[in-house]
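Make a model of the complete structure from these sequences and hints.
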Amino acid sequence: MSTEKGPNFLAEIIAEDVKNGKHGGRVLTRFPPEPNGYLHIGHSKSICLNFGIAQQFGGKTNLRFDDTNPEKEETEYVESIKADIKWLGFEWANEFYASDYFSKLYAFAVRLIEKNLAYVDDSSAEEIANMKGTPTTPGMESPYRLRTTEENLDLFARMRKGEFKDGEKVLRARIDMTSPNMHFRDPILYRIKHTDHHRTGSEWCIYPMYDFAHGQSDAIEEITHSICTLEFEVHRPLYEWFISKLELFPSHQYEFARLNLNYTVMSKRKLLQLVNDKHVSGWDDPRMPTISALRRRGYTPESIRNFAERVGVARRENIIDVGLLEFCVREDLNKKATRVMAVLDPLKMIIENYPEGKSEMLTTDNNTEDEKAGTREIPFSRELFIEADDFMETPEKKFFRLAPGKMVRLKSAFIVECTDFEKYENGKVSLIRARYVPESKSGQDTSGLQVKGVIHWVSAQHAVPAEIRLYERLFNVEDPSSEEGDFKEYINPDSLHILKNAMLEPSLKESKPGMLYQFMRKGYFTPDKDSSAEKLVFNRTVTLKDSFVKETTK
RNA sequence: UGACCGAUGGUGUAACUGGCAACACGUCUGAUUUUGAUUCAGAAGAGUCCAGGUUCGAGCCCUGGUCGGUCAACCA
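According to this note's numbering, the first sequence is numbered sequentially starting from 1.
By construction, these hints were calculated from the structure, which means they are not laboratory data.
Where hints are given, some of them may not hold.
To be verified - With a Cα cut of at most 30 Å, we get these calculated DSBU-like pairs of lysine-lysine:
id : residue 1 : residue 2
1  : K452      : K348
2  : K335      : K500
3  : K452      : K545
4  : K512      : K500
5  : K411      : K398
6  : K423      : K406
7  : K336      : K509
8  : K411      : K535
9  : K22       : K245
So, in structure tokens, the structure goes:
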């Protein structure tokens with residue numbers, strides 16, 4: 001939250017409410033995930049908004065799991081959601097579950113029946129759908145709509161006791177089948193599901209629908225500002241109808257536009273498909289837009305919070321350029337990441353005038369952006385690895401790296417000149433021969449030589465091998481969901497590149513997941529959860545900004 | 001041929017509630033640089049969906065359009 005931005009429209013509303021002493025100036029929000037999948041970057045916007053705005057006004061935020069559909073919800077998801085929110089840096093005031101309120105919600109339903117505002121309907125799902133009408137044509141009333149209160153009370157009690165099979169009966173509100181708002185056409189309140197619930201087990205066989213659970217849960221917790229996404233806007237009149245008829249705490253719902261990112265999908269349903277169909281290795285596959293994937297990939301909580309701040313909050317549809325997310329993580333990592341040398345595609349270089357068998361330690365900065373980060377020692381010797389694409393047999397204009405007869409600075413070491421090179425049968429360069437300038441040592445250079453290029457390197461005999469995973473966008477099109485056909489047709493087949501022969505400086509032997517590195521000139525990297533001392537595995541979080549590639553592709 | 005919501009540079013968000021459009025990302029120059037990174041300096045790019053109206057004055061208000069989104073799950 002480093003960037004100052006004016007208050008969004010929700011902050012303005014809340015500021016006004018606080019000023020007017022509404023709810024005694026109290027602010028209580030809630031973040032209400034359904035535990036049916038992992039949280040994604042879109043949720044992080046909602047999390048930052050709900051927790052952030054409450055914090056801003058001295059209020060608190062509840063975490064409430066909206067677990068009213070036992071068929072889709074699992075404890076694994078509950079745990080991942082809690083871990084993600086904590087990792088983002090937020091603390092909830094209370095951990096609640098809609099299922100905590102099943103008894104209260106049942107009593108609310110009974111109260112509605114008693115007020116003649118709800119009835120048990122024996123119609124099938126299909127019949128109910130048919131009687132519902134369409135947005136442009138009114139619905140029709142169910143033949144069961146006029147049952148007596150006594151009969152409804154009895155039937156509902158028997159639904160709860162398990163006397164009926166799934167789908168045999170539902171409880172519906174009695175409102176208005178001709179309402180232009182589809183949600184007022186006698187919405188279903190309770191359905192029968194003989195399914196065990198992740199928390200209540202087999203205690204219930206009837207479960208409330210979202211509309212009959214969410215607003216009442218807000219009211220029970222005395223949520224002052226219930227913030228959700230735009231698609232729930234048409235539910236608001238119903239939200240208010242239940243609160244009013246049941247005479248509950250007047251929580252109020254406010255909507256904002258959800259976050260969309262280009263080159264990815266942002267619905268739990270679609271993400272679940274990617275996981276189930278094995279297009280990715282799991283919910284935390286680093287190519288996924290989930291919070292757990294971003295964490296695994298090396299994103300920091302600060303960068304995501306800053307991103308959430310920068311995208312703003314409004315009521316219009318938007319698709320954020322993933323470049324902004326990348327900017328935010330680079331900005332944060334630039335301050336934090338330890339600079340190290342790692343050769344992703346090694347090419348052997350022999351320095352012919354450097355004594356065989358000799359090696360020396362050279363000093364280098366851990367982070368030029370951070371004085372306090374200090375320095376460390378790295379070994380230098382006669383045989384090195386350099387990056388294969390830092391050498392060109394016939395250099396193009398403006399290529400100021402290595403080429404036959406050309407000089408380049410080895411970062412934190414010496415200036416070298418390429419004297420010769422060798423090739424494999426296939427024409428690929430196999431070896432560079434060079435000579436170094438002994439008096440050009442970094443920090444004590446008396447050679448007087450000026451070279452434009454600086455390249456990274458590792459000492460061959462000291463280097464540690466590693467696997468490096470490079471990621472690109474998961475989809476080839478900006479908005480896979482809006483394209484023709486199935487969104488999976490637009491998956492980028494080259495979104496993962498695995499480099500198996502990378503060579504790292506020896507200090508990286510000590511690396512562990514969670515540690516942040518910049519592989520100099522190559523990008524930001526972090527050890528994957530698969531990484532171990534025996535086999536190092538790194539994820540590329542994001543590349544460095546690179547004006548040279550653009551130059552060459554012009 | 002319904003109801004509700006929205007429309008500001010390429011993207012996203014502002015505009016002190018009516019006073020001739022700002023910030024960020026991106027793009028493009030140039031400087032610095034032992035990371036073609038960072039940093040620094042600068043530039044281009046919208047006249048606010050359209051048409052009327054109110055007003056001395058409209059991105060903000062009114063009217064009518066246009067375009068986009070949402071709503072017809074016993075999902076949330």
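Which earlier hints turn out false for this structure, listed by number in ascending order? none
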